[in-house]
Structures are given as structure tokens and as C-alpha cells.
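Engineer: From first to last, the protein sequence lines stand for chains S and B.
Residue numbers for the first sequence follow numbering that gives the first Met the number 0, so the first one is 0 and each next one is one higher.
Residue numbers for the second sequence follow numbering that gives the first Met the number 0, so the first one is 0 and each next one is one higher.
Since the hints were made in silico from the structure, they are not lab data.
Misleading hints may appear alongside valid ones.
[To be verified] Which stretches of chain B does chain S cover? Using the computed rule of at least three CB atoms under 8 Å from a CB of chain S, they are: (1) 54 to 61; (2) 140 to 146; (3) 177 to 184; (4) 222 to 233; (5) 237 to 251; (6) 269 to 282.
Even glycine gets a Cβ: it sits at the ideal position worked out from N, Cα and C.
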Amino acid sequence: MNAKTARSAQKLVVHAVLIIGAMFMVGPFIWMLLTSVKTFGESTLVPPVIFPAKFQWHNYKDVTAVLPFVHFYWNTVISSVAKTLGQLLLCSLAAYSFARIEFPGRNVIFIIVLSVLMVPSQIHILPQYMIMKSLGWLNSLQALIVPGLFSAFGTFLLRQFFMTLPKELEEAAKLDGCNHFQIYYRIMLPMVVPGLIALSIITMLWAWNDLLWPLVVNNSPEKMPLSVGLASLQGQNLTNYPVIMAGAVLAIWPMLLLFLLLQRYFVEGITLTGTKG
Amino acid sequence: MNSTELDLPRQPVLDERKQAKKRRFNPRTRGDYFWGYLMIAPTVLGLLVFSIWPVFQTLYFSFTSWGSFGNYEWTGTDNYKAMFADPMFWMALRNTFIYTCVTIPCAIALSIVAAVLLNQKIRGVTLYRTLYFLPVVTMPSAVAMVWKWLYNADYGLINYLLGAIGIKGPSWLTDPDIALYSMVIVAVWAAIGNNMVIFLSGLQGIPVSYYEAAAIDGAGSFKNFIFITLPLLTPTIFFVTIISLIGAFQVFDLVFMMIGPNSIVIEQTQSVVFLFYKNAFMLNNKGYAAAIAMVLFVIILLVTIVQMKLQKKWVHYS
Numbered sequence: 000m001n002a003k004t005a006r007s008a009q010k011l012v013v014h015a016v017l018i019i020g021a022m023f024m025v026g027p028f029i030w031m032l033l034t035s036v037k038t039f040g041e042s043t044l045v046p047p048v049i050f051p052a053k054f055q056w057h058n059y060k061d062v063t064a065v066l067p068f069v070h071f072y073w074n075t076v077i078s079s080v081a082k083t084l085g086q087l088l089l090c091s092l093a094a095y096s097f098a099r100i101e102f103p104g105r106n107v108i109f110i111i112v113l114s115v116l117m118v119p120s121q122i123h124i125l126p127q128y129m130i131m132k133s134l135g136w137l138n139s140l141q142a143l144i145v146p147g148l149f150s151a152f153g154t155f156l157l158r159q160f161f162m163t164l165p166k167e168l169e170e171a172a173k174l175d176g177c178n179h180f181q182i183y184y185r186i187m188l189p190m191v192v193p194g195l196i197a198l199s200i201i202t203m204l205w206a207w208n209d210l211l212w213p214l215v216v217n218n219s220p221e222k223m224p225l226s227v228g229l230a231s232l233q234g235q236n237l238t239n240y241p242v243i244m245a246g247a248v249l250a251i252w253p254m255l256l257l258f259l260l261l262q263r264y265f266v267e268g269i270t271l272t273g274t275k276g
Numbered sequence: 000m001n002s003t004e005l006d007l008p009r010q011p012v013l014d015e016r017k018q019a020k021k022r023r024f025n026p027r028t029r030g031d032y033f034w035g036y037l038m039i040a041p042t043v044l045g046l047l048v049f050s051i052w053p054v055f056q057t058l059y060f061s062f063t064s065w066g067s068f069g070n071y072e073w074t075g076t077d078n079y080k081a082m083f084a085d086p087m088f089w090m091a092l093r094n095t096f097i098y099t100c101v102t103i104p105c106a107i108a109l110s111i112v113a114a115v116l117l118n119q120k121i122r123g124v125t126l127y128r129t130l131y132f133l134p135v136v137t138m139p140s141a142v143a144m145v146w147k148w149l150y151n152a153d154y155g156l157i158n159y160l161l162g163a164i165g166i167k168g169p170s171w172l173t174d175p176d177i178a179l180y181s182m183v184i185v186a187v188w189a190a191i192g193n194n195m196v197i198f199l200s201g202l203q204g205i206p207v208s209y210y211e212a213a214a215i216d217g218a219g220s221f222k223n224f225i226f227i228t229l230p231l232l233t234p235t236i237f238f239v240t241i242i243s244l245i246g247a248f249q250v251f252d253l254v255f256m257m258i259g260p261n262s263i264v265i266e267q268t269q270s271v272v273f274l275f276y277k278n279a280f281m282l283n284n285k286g287y288a289a290a291i292a293m294v295l296f297v298i299i300l301l302v303t304i305v306q307m308k309l310q311k312k313w314v315h316y317s
């Protein structure tokens, strides 16, 4: 009986700690939502009011009047999806080749690819910016997409998956007269789907949230992604926090929704790769 | 086409040279080479253009000085000399180091606690995990804006709550002694969920038999944590540390969005990457910016190597 009480007391403490933790983690989101539907006056009241007298949904309309959010969405969605699909294709091709085909210089080339992982991305930014500039790609969707299509990280990740597949599979396919592309496409690719999912989630997340690179290349409002749009919103509207918060909500809800729908895959993706950036 | 392969066992053993010759003319091997190179070509060429060659370009730029029309000239080591004499650079380095060294241990400690608590069979465990993970999928620039609002000295929620329990809250984002740590708090908040799921998978890899043995010896849950969980979790801690170090050294979004280029405390908070951005794209000191990027590269490399060396001292691989 005593042990039982002790155990339920312990559980109570655990829940208390977890709830405090959850409040710390979720509080900012709730406050963002609540602020986004207040009037400017309500947002500056001391002591603060938790709920607005009337939900000011027009803040969301106001923020889209200040800045072209439709363009932001378009740019972010197109560039994130294109980058993700591109990486899936190119990385899986290269990964298959590195993992399953023997050709002269394979190991040396693979080590060179791996060495890219050691270099912080800031090193690339200046030269990449100049490439974009000389191609006339500043303020374009290509600038957001093209440099991100080639990923040493994605190649490495998928190679790990291809390495685990048994050799008999391709032996059998070769006897049937399949070439490597057919083996890759018909037999191996369906077997590395977990890797493809992990890579898509991670790439999507990075692309959606990235700030530094789009800030450098796309500064006209029609070509900005959401992240840069938020930065410019802050520049324009320093004090009207309800409107700013409405903008922040608009920028984050699609990723949050995607996460809630595909939770397991997000967690697996992060566990496999370590990080969001 | 496959006759060579099928005939091989019946043939006498070929000496190596013959075998090599045979392989060279084997149409299948030639096909292998063709597909091998073709399939890596896009990624390898793309990386050469966008990632590998740029390293050498940046290295070269770091020895140049830039004019206003994109023209540049060789100035030798001037940028590096200027950088090492520049108090702003040292300040940025200091800020980045403090940010890194405070954020990472706090984030790791809190996320281990969260992971251990959420690795039990308790009610609502899935909901807790979901909630703790939310910051991970939230755009950092939005995160920065929300916290900027929470930190607001006059109308911010945090100072109001502190005031309610009798503490006078500081000026989180304008006090030069505090602003850097305000960033640390946000960074820890944003990292907990990320680290937590990695630790959770680490915890699930620890065999239950260890705990069963300890239970026979009558060890309590705290003892279990110190003598079993923590040592067996060290490979995961090492992994998270390396990943977090690389990320923390590159902090930019928080400085740019929460503090901002025009803040009065920007000198006390700007990170190395922010200084790079400012020089490259706001001041057009692209040569100087390139030198900053090179130094950042070297620092990250050194820190990673040191961590790799140190791991033998504290990481247990079973």
C-alpha cells in the first residue's frame, strides 16, 4: 500500500514537471495566436488581457494587405517542393550508383562528396550569389531552387539505405537483362522508401524555414519566400504586434499542420539525420 | 550477354592480368561504368559548381578587396590582418562562443530530462512529445518574432508574469548584458524537441536487461539514471553535441530577426555569421566577409576534430 502511494506520488510529480515543461514549450504559440486576434490597444494593456473582447480576424486580412502573402506562399511552396523533389531524384540516383555500382574512382569521388558535409554553408554563399547574379537569377524562383538541388547530405543518407539491400536482388535482375537504371527504378527505389521519406521531410523543413540564402538573393516582395517576408514585415510595422503575429501565424501553420499529420515521419527523419539545420 | 559470367566456373583459373583484360572488354562492366558515372553526374557536377569550387573562390576572395561595381583586387593578407585587429570581430567570436557554450549544455540537459520522463508508460505521453516537438517545425524567423513580443519590456508577457511574482523583469532585448542570454533561452526552447526525439531513440536502444539486473540489486530510479542510462546514452550525447555545435556556430536567424541590424545591442549580440552577412551584403566588404567565412570554417573544423579526439575519454561504446 505504501509503495503504491509512493508510486502515484512520483507519477504526480512527473506530470507536474511535464505540464510545466509543456507550458513553456507551447505558451509562445498560444500567445502568438491570442495576440493575432486582438486590437492594437488590447495588445498593449497592462495587465494583459488573455482573450480579446472581440476576435479581430481582420488582422489577418490587414497583414496580407501590407505585404503580398499570396506571393510569399507561392514562392515558399514552389521552391520547397521543387527542391525536395529534385533532391529525391538526384540524390537517390547518385546514392544508388555509389552504393551498388563499381566504377573506377568511385571511392575518391565519394570522399570528395562527403567532404562537402564538413563545410559550413556560409562559405558557399558569396560565390553562389555571384553565380546567381551573373545568370541574372537574382529575384527569381530558380535562385531559391537550383543551388539547393544538389545535396551531399542526401546522397550520403540514401546511400546508407541502398547499402543494406541484398546483392541477390540485382544479380537476379541483371540475369533478366535489366540495366542499372531499371534496377534502380523498378527494384531498389521502392525498397528505400523510408529513406526517401526521411530526406523529403528534412529537405522540406529546411527549405521552408531557410532565411539567410533567400534573404541574400531575393529581396523584391514578389519573389520573397515567407521567411524573408516576415523579416520585411518586421521592418515595416515595428509596433503593431497583433498584425505581426498574424503574419507569423500565416507563415508557420502549413508546416505545423504537415507535422501533425505526418508526425511519425518527422520524428523518424530527425532521429535519422540529427537535426533541422 | 551473360555468357562470360555463366561460363566462368568451368574455365581454368585465369591469372590476374588476363582477368583484368577480360573485365575491361566485358560489355557488362563497361555498362556498369556508364551507368555509374551517369547516375552520379548531376549531383557531383552540381556540388562541384555550387559547393566545392566556391570553397576555393571564397578562399581567394578572402585575399581581395572589393569596389562598388563588383570589381576586386588582390590585397594579400590585409583582410585577415584587419580582422584580427577588429574588436567587432573578436566581439562576434566571443558572442558566438558564449551562445554556443551556454545553449548546448542547457538544451542537452533539459532534453535528456524530457526524454527520460517521456520514455515511461504514463498517460498522455504522445501528447507531451508532440507539444515538445512543435518548436522544431516552426520557422525560426517566426519564432524570433514571437519571442521578441514576449520579451517586450513594456507590454511583454514575460515581464508581466515576473512582475506578478514580484520580480522586476530586465530589458531582455536592449540590455547589453542580457540580450545574448535572451537569445540563448529561445535557442534552448527551439532545440529541446529536436534533441529529445534523438535521446528517446537512444534510450530505446538500451537493453531492458540492464535495468532488470539493477532491480535485483535494489537500485532506485535515480541510481539507474546515473549508472546505467547516462553512460549508455553517451554515444547519443556525443552525436547531439557534434550536430548542435555545428548548428550553434552558424547562428544567424535569431540575431537578425530578434535583435536586428539597427539594435543598440547588436555589437553585444552579433554572431560570426551575422558579421559575415553584414559585411558581405550590407557593407559590400565582400573580401572581408570571405575572410570571416574562412575563419568560421576553420573554427568549426577544429572544434569538431577536438570533439572527435575527446570522445574516447567519455563516450562508452558497448
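Engineer: When I compare C-beta atoms, does the segment 177 to 184 of chain B have three or more residues closer than 8 Å to chain S?
Structural biologist: Violated, because only 0 residues of the segment 177 to 184 of chain B bring their Cβ atoms closer than 8 Å to Cβ atoms of chain S.
Engineer: Examine the segment 140 to 146 of chain B for residues whose CB is less than 8 Å from any CB of chain S, and state whether their number is three or more.
Structural biologist: holds (count 6)
Engineer: Between the segment 54 to 61 of chain B and chain S, are there enough contacts, at least three residues with CB-CB distance under 8 Å, for the coverage claim to hold?
Structural biologist: holds (count 4)
Engineer: Within the assertion that chain S covers the segment 222 to 233 of chain B, do at least three residues meet a Cβ-to-Cβ distance smaller than 8 Å?
Structural biologist: violated (count 0)
Engineer: With a cut-off of 8 Å between beta carbons, are at least three residues of the segment 269 to 282 of chain B near chain S?
Structural biologist: The restraint on the segment 269 to 282 of chain B holds, since 5 of its residues have a Cβ under 8 Å from chain S and three suffice.
Engineer: Cut-off 8 Å, C-beta pairs, minimum 3 residues; does the coverage of the segment 237 to 251 of chain B by chain S stand?
Structural biologist: holds (count 9)
When held up to the earlier numbered hints, the structure conflicts with 3 and 4 and fits the remainder.
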